[in-house]
Structures are given as structure tokens and as C-alpha cells.
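Quick note, the sequences are listed as chains D and R, same order. The numbers in the numbering used here rise by one with no breaks, and the one at position 5 of the first sequence is 114. The numbers in the numbering used here rise by one with no breaks, and the one at position 480 of the second sequence is 483.
In short, the hints are calculated from the structure, not lab data. Any given hint might turn out to be false.
[What the hints assert, rightly or not] Below, a list of computed lysine-lysine pairs in the DSS-like style, where the Cα atoms sit at most 30 Å apart: (1) Lys344(D) to Lys411(R); (2) Lys203(D) to Lys408(R); (3) Lys25(R) to Lys265(D); (4) Lys299(D) to Lys25(R); (5) Lys203(D) to Lys452(R); (6) Lys411(R) to Lys447(R).
All values reported here derive from a predicted model rather than from experimental measurement.
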Amino acid sequence: MTEKTSPLRVGLFVTCLVDLMRPSVGFGALHLLARIGPSLDVLVPDQQTCCGQPAYNSGDLVSARTLAQNVIETFEGFDRVVVPSGSCAGMIVKHYPNLFAIEDPWRARADSLAQRTWELTSFLAEHLDLNDTGAAFAGTATYHDSCAGLRELGVKHQPRRLLATVEGLTLNELADSESCCGFGGLFSLKYPDVSGAIVDQKAQAVENTNSDLLVGGDLGCLMNVAGKLKRRGSKMRVFHIAEVLANLTDACGIGEDQDA
Amino acid sequence: MSNPIPPGHEPQCHDFQAGAKKALDNKVLQALLERTLKSGFQQRRLNAKARLPEYDQLRDQARDLKNHVLDNLDVYLERFEAQLTKAGGHVHWAKDAAHAREIILKICQDAGAKTVSKGKSMIGEEIALNDFLDANGVVPIETDLGEYIIQLRHELPSHIIAPAFHLSKEQVGETFKEHHTHLDQDRDLSEPSVLLGEARAELRDKFLRADVGITGANILIAETGTAMIVTNEGNGDLTQSLPPVHIALTSIEKVVPTLEDATLILRLLARTATGQEQTVYNTFFTGPKRQGDLDGPEAFHVVLLDNGRTDLLGSEFRDVLRCIRCGACINHCPVYAVTSGHAYGWVYPGPIGAVLSPHFVGLDEAHLLPSASTLCGRCEEVCPVHIPLPDLLRHWRTRGFAAKKGGKMQRLGLALWAQLARRPGLYHAVMALGVNGLKLMGGKRGAFKSLLGAGGWTKTRDLPTPQGGTFQARYRKGER
């Protein structure tokens, strides 16, 4: 007789950008987590809003703390918190603890959340050892390593391992895939010309791969590169990795017109 | 004492935005940057790193060494002074840029100097030494090729290890023709080696005539009282050994305890900076010429500049004092890669400059620099002494925010966003309205070509439209 273990309670933090701009990334993540079966109990708490990274990176620590406290409280009851963004996950894992002094009771709660939080592809590939996504795409793709996931959380091989499970998909590695796309959150609004010049180089490198798809793990970077590709007249389609793994590539890519 | 911008050293650009714009519009510069950074500096560093299996281990050691020195800075500096004094040299403590300039001028005047030859020194740039000497009747002559070029052009360095990095060889040729008027105007200067030869010929005589030689120092060695410098052109050796007086101008954080420690820094420095196993010339100076020595200066001075560094030591920016000035953070910065160095306005560009400049010139002048970064983290990744540059940039942003720098709109926007986002019910309702409005405007289009309020973004790229409905609203309606 097998012992009955209670399922792992997983909270999905969809992130504000996915919530507002591209809900299919959130649904894709839910679909992937559902494949694991009854060992996971997945919920999307409705108290979640923004992780506070824009405030943190602007030096507004008071606002950043307020928003962090909301996220910490919202996800307190969960065993694991999964985030379809290396940037927002990195904020929670690497920066939330620094927002609170050692003696502040919030510090322990921030530390606890940091330990329970996973970037989506790392959670699927490393924590759950997911080897079968059931996804298929007949074509080629290239992958952009977003900076925060790459350098703060070591997200590099996980998305590639997962993309290898997509039937028919061939991955063309992007030249200089670890260089920044120029998004940088509010940086892209504050220094639009500089940001625009950086993303132009990235878009050129992406086009040089002659792939059907550009895939990445952070919606902000993908909106930036997709917007540039479109302005350059490229036909390349752009998707978040959760969408590719959840077989949602029949829908419009990021920035793609509906009648296209 | 704070060090306002020295006279004659006003920034070439007070406004990072305007400086960046100028660089972005400069097609020659853009082509140069694209060609030289990735396949040049970045690739050469990678190659050198691959040839040295213990490279990363050395980085940890260097970080620990520098931290140890910073914890005991007074001890090692006093040891250095004692040892150098024993060897017949003189140590001068300069609390700020003005003080350092006065010390150097006095040494030059006491030596009756008319001309001084100079090896490359970023500290010389930091204290704006050339303009000051010139104004006081002492003619400085830069002997590093890059420094010589920018001296002719009256420019700041655009890179800490390659001062004329922003110039093509054609531009250098034009500058030489403009200034070396005694030479044939129709001579062919298309080959870099010819440019180098011409500079060498011009400089040789000046080396011989200089009354004082001024160099920087990459490392100070406490146990022996030695200052050492690395150059690829050998100009440091000539500057140091030909004139009767040698001044090594450097800053207090360059000291290490032993010769062995210096070799640790040297193993990292050249590999990280240029991908060389070693810089071509590694020159150690310990005091003036001794009895029986064949060459060397009659008098040897070391000027130790503080210029606010002891303030950094006690601040959240302490880690920046580990810097060995290799330039790797600059070489790997995506912003520098399109703006080059002059946009940063002062002598130190790139991530290291964005951390140092607000300290030297104040946040009023330099508050845009710490925010001119995507915080991609590549600078920290390549730093040979693990300086957490993104964190340090954030610390400046925090100080800037507290001092109400930056746009009012941004402050207001952030405050409003934070107020809204801490009220999830209201937040979701307001956001759903906004998203649905945008979706209506976008129609079947996947992206906006232009959008009121996002004009900066849409000037250079499209802005993807929202997919339709917020995730939260759709999820609450039961969509899966």
C-alpha cells in the first residue's frame, strides 16, 4: 500500500506584465503545471499585483517594501511559488531579503519566500524533472537568455532542456545570446534612444539565425525585441517559452497582427 | 572636502541623454564600437580566461586580498611610506584634486621644469593635471599613444585603458596632419604602424628634453615601498627613467601588502583587460637612482591621492575601492557599446564611471549616470574582483530618489503605482479597464506604431498591444 502524501501547494505569481499584456503566458504555465497531475495543487491567488521591481530599481525603497510585503503575505501559505519570469523571480529571490533589516520581522518572511520561489523553467526542469510536455512545433526557434534569470538565478540549460521535448522543434543558438536586449524595465522609457539602439543589435542577431520563432522567458524583453523585429519588417514570430511548451503557438505571437 | 569640477575640466557633456544622442548619430563611432568590443576586448578576455584554468579562483583571491587591504588600509599605506622613504623616495599625501595638483606643481617648480613627459594616468585625468600644469607654465606631454592623440584633440579619454577608443585610424591621421605641420601634408597615414611610427618620432625628442616625468601606478607594494606600472608601449619606462625627477601619481587603494600579492593582481589585470597573458612592460620603481645604478631619476616622489576615497571606505560604495581599473565592465556594458565614453561626461565611463562620477562631482551633476544602465549584470559577471556594480548603481539611485533627483513624473508615477498595487481589488479593476481600453484602440493590430505617452519607445520600435482581458479577470471567470 502506498502512503498518501498531501499535494505540494503551488502558488502561481503571473507577474503584472503577463496579467496585463499576455494572459496566455499565465494559462500556458497553468497548463504545464497541470501536466504533473495530482501531486501539485496549483492556485493563482487574487491578492497578487506587482513584485515592486520598478520601484526598487528606481531607488524608491519605501514603495518597493510595500509591494514586497503584499507579495510576501499573498504567498505565505504556499509550499512553492512559481513565476514565469526570471526578472520577477530574481527580484523575490535575490532582492526581497535586502529590503528588510536583519532585526525586522519581515526579513524572516522575505527569506522564507525567497527560498520557496522558483522561476518557471527551473521549476519544471529541475524541481519537477518534467521530460514530456506533449508540445509540438514543426520549425526552428532561437532563444534569448534574459539577463536577470541568467545571472541572478542561473537559468540557461533549463529552457533548452524543455525546448528539446517539443516535437519537431530545432533550436538555433543565437550569437551573443547572453547580451542584454536593452529593455531594462523603466530604462527603456527613460533612455528610449539608447534602449532602441541596443535592441536593434539584438534584433539583427535574432534575424541572422533565420528561425521561425524567437523564444524567451521574460515578457518584458520579448515585447522589446518583438517590437523591434516588427519595426524592422521581420516576419519572425515571438513567444514566451510557457506558450511554446503549452502548445499555444497557433495563436498570435507577441506583436503579431490578428489577421496575419 | 568635496572636489568640485576642476577648472578647465568641465564635463564635455552635462547631460547623458544629449551625449548619448550625439554618439548614436555618429555612424563612424557606431561602426567602430560594433567592430571592436565583441570580437576585440570581449573575445580576447574569453580566450585568455580559457587558457588559465585557475582564472576564477584568482578572482576570488583578488577579491579577498583587496578586502583585506581595505580593512587595513592605514597599516599598508604607512608601511609603504616607511619603506619608500628608506629607499630614498618621498611620499606626499594629497587629500583632494586641488591638493594633488599643488604638490605636483611645487615639485616641478622646484626642479625648474619647463616640460614634463607623462605616462598614461587616470588619476592625472581625475585631477585634470594637464590643464593645470599648462596654465602654470609647465608644458605636459602625453607619451601614451592614445593619451597623446586625445591631448592633441583636447578631449577626455573615452575608455580607461584605451583613451582614444572612440577614434578611427583615419581620424587619428587627420589629427596628426593638423598638428604635425612640419611634415609632408600628403604623406600616407592609412596604416596604424605608420601612425605609431610618427607618434614615436614626435615623442622621442620630447622624452629626452623633459625635466620631470609623471606616471601613474597600477600597484603599490607595501613590503618594499615599490610602485609599479604596466604599459604596452614602454613609454612608462622612458617617462620614469630619462628625466631627473620622477613623480608617480596614484590613489590610496592601489596598495597591496607584498610582491606576491602584486603578481596576483597582474595575472588578472592583463587577461581581463586586453586578453594578454601579461602587459608588455611591467615596470617596478623603488626609490631614485642608487649609487652604482646606470640609470633612473635623481629624485622619486609618490603622490597618494585620497579625493574622497576614505569617504567611500565608510559608505555603501566600499566595494568599488577593490577596482583594479581593467575596463572589463566597460567592455561588456550594452549601454557603453552604443554610447561610448564621452556621453558619461567625466573621466571614468561605463558602469565603473557611473558609480565613481556621482561621488567625484556630486549627484546634482551626475544623477543620470546610475540610471543609465539596464542592470543586466554583465559588468559584475566579468569583474575580476567581484564588484557588485548593479547593487552600487542601485545605491546611487536610492540616494538620488531620496534627494528628489530624476523626473517628477517618474516619482509621481511610481508613487501612484505603489498605492494602487497595494490595493489588489482596486488595482485589478483599474488595470482591467486600462487594458481593455488599449485593446480597443489596438483592434486587430498586434502592435502600436505610435502611442500617446510611449513616444520614446515607439520612435524606434513598435509596442505590442495587450492580448485582451487581464489574466486575473479571465481566470476568475473560469478560463484555464
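These are the hints, each one checked on the structure:
no.: 1; hint: Lys344(D) to Lys411(R); in the structure: violated, 39 Å
no.: 2; hint: Lys203(D) to Lys408(R); in the structure: holds, 26 Å
no.: 3; hint: Lys25(R) to Lys265(D); in the structure: violated, 36 Å
no.: 4; hint: Lys299(D) to Lys25(R); in the structure: holds, 17 Å
no.: 5; hint: Lys203(D) to Lys452(R); in the structure: violated, 36 Å
no.: 6; hint: Lys411(R) to Lys447(R); in the structure: violated, 35 Å
In this structure, the earlier hints numbered 1, 3, 5 and 6 are contradicted, and the remaining ones agree with it.
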